[in-house]
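Asks: Below, each chain spelled out in residue letters.
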Amino acid sequence: MDILSNLAMGFGVALSPWTLMLAVIGCFIGTIVGALPGLGPSNGVALLIPISFSMGLDAISALVLLTSVYYGAMYGGRISSILLNIPGDEPAMMTTLDGYPMAKQGRAGDALVISGVASFVGAFLATIGLMLLAPLLSRVAYQFGPAEYFALYLLAFCTLGGIGSNNQAKSALAAVMGLGIAMIGLDKTTGMPRFTFGELHLMDGIDFLVAIVGLFAVSEVFFFIESHGKNSAIGVVLDKVRVPWRELKRTSGAMLRGTGIGFVAGILPGAGASLGSFLAYVAEASVAKDKKAFGKGEPRGVAAPEAGNNAAAGGALIPMLTLGVPGSGTTAVLLALLLTLNITPGPTLFTERPEVVWGLIASLLIANIVLLVMNVPMVKVFVKVLSVPSHVLLPGVTMVAFVGIYSLTGSAFDMQLMVAFGVLGYVCRKLDIPTVPIILGILLGNAMEDNLRRAMVLSNGDWVYLFSSPISIGLWIAAILGFLAPMFLRRFLKRPEAPQDAIED
Amino acid sequence: MIKADRIFGLVMILVALGYLFSATQIQTSFLSDPVGPRVFPYLIGVTVILCSVVLVLRPDANADWPGLSTLLQLAIALAVLIGYSTAVRPLGFIIPTAIAAGVLSYQINPKPVTAAATGVGLSVGLFVLFKMILGLGLQGFPRGWF
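Chains as they are written, first to last, in my numbering: chain L, 1 to 505; chain V, 1001 to 1146.
Fair warning: there could be bad hints in the mix.
Stated by the list, open to error - Which stretches of chain V does chain L cover? Using the computed rule of at least three CB atoms under 8 Å from a CB of chain L, they are:
(1) 1011-1024
(2) 1036-1042
(3) 1050-1056
(4) 1078-1085
(5) 1094-1101
(6) 1122-1134
To be verified - Label pairs and their computed distance ranges (CB to CB):
(7) L:Lys384 with V:Ile1133: 43 to 49 Å
(8) L:Gly106 with V:Ile1076: 27 to 33 Å
(9) L:Leu15 with V:Ala1061: 50 to 56 Å
(10) V:Asp1033 with L:Gly253: 55 to 61 Å
(11) L:Ile477 with V:Ala1079: 37 to 43 Å
(12) L:Lys291 with V:Ala1061: 30 to 36 Å
(13) L:Leu20 with V:Gln1025: 53 to 59 Å
(14) V:Ala1075 with L:Lys380: 38 to 44 Å
(15) L:Asp2 with V:Leu1043: 41 to 47 Å
(16) L:Leu15 with V:Phe1021: 55 to 61 Å
(17) L:Ile480 with V:Lys1003: 54 to 60 Å
(18) V:Leu1072 with L:Arg139: 57 to 63 Å
(19) V:Ile1076 with L:Gly253: 40 to 46 Å
(20) L:Lys291 with V:Leu1071: 42 to 48 Å
Stated by the list, open to error - Once the Cα atoms are required to be at most 27 Å apart in a straight line, the calculated DSS-like pairs of lysine-lysine come out as:
(21) L:Lys296 with L:Lys430
(22) L:Lys292 with L:Lys430
(23) L:Lys430 with L:Lys289
(24) L:Lys292 with L:Lys249
(25) L:Lys430 with V:Lys1003
(26) V:Lys1003 with L:Lys384
By construction, these hints were calculated from the structure, which means they are not laboratory data. Ideal Cβ placement from N, Cα and C applies to all residues, glycine included.
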């Protein structure tokens, strides 16, 4: 009954009026961030980290606020998928397949309620799964030495690159670019500067928040200028929203199956929510007796991917908290948050800072209930927000990005660096080079090198040591498979094309 | 036709060579660990070159790159953002923000009046939000104005 007493402690932390208020605010902001096309969960959390840090929030408050934003964005992504056929964020892409046809048939309200409930089921069950599994995994993680951690980081890069991109060379290039950037600054062991070229600003290394905000948020500005903000959502109407109880009952199986699939996909390092919703949809469509209904406004086709994407969001927190290895872009940003707050994720987090872990879990449970209330009865509020024109939204987001970095570092150099990362992000996305591995490389680069060097100290420079334990051999094999397997699987599991004809029809 | 991937691959090979050269210049102390501060950067540089060679040899199809006029727009936006980074510290928050937000807004939707209103509105609104409500330490106007 360890879990119950821990959970009680967590609720003791999370149920104070202050944290509750932060959870509500976070859920609200998150849903908006998720719903607005062009502002995904990674963006939203990345923009808010420097601001919450400059506000001087303590660790638990900041964590509650930003994980609420994270979960909220996962809920919100479906709104524009259904109403506009534009996924609000990447994981919500599968929801467009049946959600938008439902909206065209005049059942937008039904689709929003079903997907809202599916999000709740997925996220709530995944949070319970997190509660049960994370302590177990953290016990396994105690077996990990530097050689195992090195292999684990490699595994994260390989699977993230393997699954998340269309070209292995490009994702590997992105990862090593990130690692290369992480090397800038003073070497921790010898205290010697590396790649600073005499520039004093670079001695401390490049702040990963600068890189994240630049790559995710500032690059978006260039995209919007290029497209002249065509992806905005003006003139959406939504009729009365009722709760379709019969449909909810009919889709409950789809929700549970989607949750299971999404949760497992989320735990795998590198897979994340997009894969979770994709697999959930494909599985649901293939077990259904009436396959032809999918893609034409089938409620189960809305319920399964939404449950899957939210369950994956919960599952992805498990490797992030227990091993310090994020499974997706957004959890990478949450890892950045933990590092900013001086919390080192890993097995020791569960024994040394239990109030952080259990407070987080309790606030996730609370956030889910808040989000269910916000996203079912109050969904109309967010539909209104969707009609903010992009020529107001984008300059606003950009300025928030600048305010965040400025108030965090107070330096013009860092802001210019952020703009440079924005240009890099734009070029990379044009070339179809994923940006998440870059972030992951910057975040994990120093830890990865550190573990390699410590392993070599233990073995006195013998490189065979890296493959000397069963765990590390397993991780190396998984890493190689995770990198190579998608090359062969890609032929069978083709990603659906992003919908393009959204506005015209 | 020239593939963008090839150009990027070549650029990255040059960058990686520079990176490797710079890594050879890292000073090691004689008390260092068996690996030292150079080996990991070497591994990174070599991997970048391997990946870039793959890009040069087997490039993907080109994306739609913007035309000359859009490129000019992007360059203007870039100049605005860099100018903003430089100006916001000496000039305070409100004036540079209004100008930068206004220009960006005009670039997305070319209506001068809307853009000006957006710029001023965002600048004042965000200042009130961040300074007065959230309590961040922002300087509103150039030092010495008030």
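Asks: Now tell me if each hint is right for this structure.
Replies: Hints, one by one, checked against the model:
{"no.": "1", "hint": "1011-1024", "result": "holds (count 4)"}
{"no.": "2", "hint": "1036-1042", "result": "holds (count 4)"}
{"no.": "3", "hint": "1050-1056", "result": "holds (count 4)"}
{"no.": "4", "hint": "1078-1085", "result": "holds (count 5)"}
{"no.": "5", "hint": "1094-1101", "result": "holds (count 3)"}
{"no.": "6", "hint": "1122-1134", "result": "holds (count 5)"}
{"no.": "7", "hint": "L:Lys384 with V:Ile1133: 43 to 49 Å", "result": "violated (22 Å)"}
{"no.": "8", "hint": "L:Gly106 with V:Ile1076: 27 to 33 Å", "result": "violated (44 Å)"}
{"no.": "9", "hint": "L:Leu15 with V:Ala1061: 50 to 56 Å", "result": "holds (54 Å)"}
{"no.": "10", "hint": "V:Asp1033 with L:Gly253: 55 to 61 Å", "result": "holds (56 Å)"}
{"no.": "11", "hint": "L:Ile477 with V:Ala1079: 37 to 43 Å", "result": "violated (50 Å)"}
{"no.": "12", "hint": "L:Lys291 with V:Ala1061: 30 to 36 Å", "result": "holds (32 Å)"}
{"no.": "13", "hint": "L:Leu20 with V:Gln1025: 53 to 59 Å", "result": "holds (54 Å)"}
{"no.": "14", "hint": "V:Ala1075 with L:Lys380: 38 to 44 Å", "result": "holds (41 Å)"}
{"no.": "15", "hint": "L:Asp2 with V:Leu1043: 41 to 47 Å", "result": "holds (42 Å)"}
{"no.": "16", "hint": "L:Leu15 with V:Phe1021: 55 to 61 Å", "result": "holds (57 Å)"}
{"no.": "17", "hint": "L:Ile480 with V:Lys1003: 54 to 60 Å", "result": "violated (29 Å)"}
{"no.": "18", "hint": "V:Leu1072 with L:Arg139: 57 to 63 Å", "result": "holds (59 Å)"}
{"no.": "19", "hint": "V:Ile1076 with L:Gly253: 40 to 46 Å", "result": "violated (54 Å)"}
{"no.": "20", "hint": "L:Lys291 with V:Leu1071: 42 to 48 Å", "result": "holds (46 Å)"}
{"no.": "21", "hint": "L:Lys296 with L:Lys430", "result": "violated (32 Å)"}
{"no.": "22", "hint": "L:Lys292 with L:Lys430", "result": "violated (35 Å)"}
{"no.": "23", "hint": "L:Lys430 with L:Lys289", "result": "violated (40 Å)"}
{"no.": "24", "hint": "L:Lys292 with L:Lys249", "result": "holds (21 Å)"}
{"no.": "25", "hint": "L:Lys430 with V:Lys1003", "result": "holds (12 Å)"}
{"no.": "26", "hint": "V:Lys1003 with L:Lys384", "result": "violated (43 Å)"}
Of the numbered hints listed earlier, those contradicted by the structure are 7, 8, 11, 17, 19, 21, 22, 23, 26.
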